[in-house]
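**Q** Sequence:
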Amino acid sequence: MRFEIMRLDEVNGTTVDSTVVDAASVNRIVQQAAAIGQRLWIRPAEDSAA
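Residue numbers (full-length UniProt numbering): 1 to 50.
A couple of the hints might just be wrong.
Stated by the list, open to error - With beta-carbon atoms standing in for the labels, derived distance ranges:
(1) D47 x V11: 29 to 39 Å
(2) M6 x A35: 25 to 35 Å
(3) M1 x A33: 17 to 27 Å
(4) A45 x V16: 16 to 26 Å
These are computed hints drawn from the structure, not numbers from a lab.
Computed from a predicted structure; not experimentally measured.
Cβ coordinates follow ideal geometry from the N, Cα and C atoms, glycine included.
Can you make the complete structure from the sequences, with help from the hints?
**A** What follows is the structure, given as structure tokens:
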């Protein structure tokens, strides 16, 4: 399964960056964001093959 991870602006919460990763990468990205206090929005990525 793939997930879209969006990094959010600290002031207004708008998306400043977006990437699609596999499930194995989500934990690493979340840990990195938590270490620096970065806000993320994570959701399942749309399957383009459907």
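**Q** Indicate, hint by hint, whether the structure satisfies it.
**A** Status of the hints after comparison with the structure:
{"no.": "1", "hint": "D47 x V11: 29 to 39 Å", "result": "holds, 33 Å"}
{"no.": "2", "hint": "M6 x A35: 25 to 35 Å", "result": "violated, 18 Å"}
{"no.": "3", "hint": "M1 x A33: 17 to 27 Å", "result": "holds, 20 Å"}
{"no.": "4", "hint": "A45 x V16: 16 to 26 Å", "result": "holds, 18 Å"}
Checked against the numbered hints above, the structure violates only hint 2.
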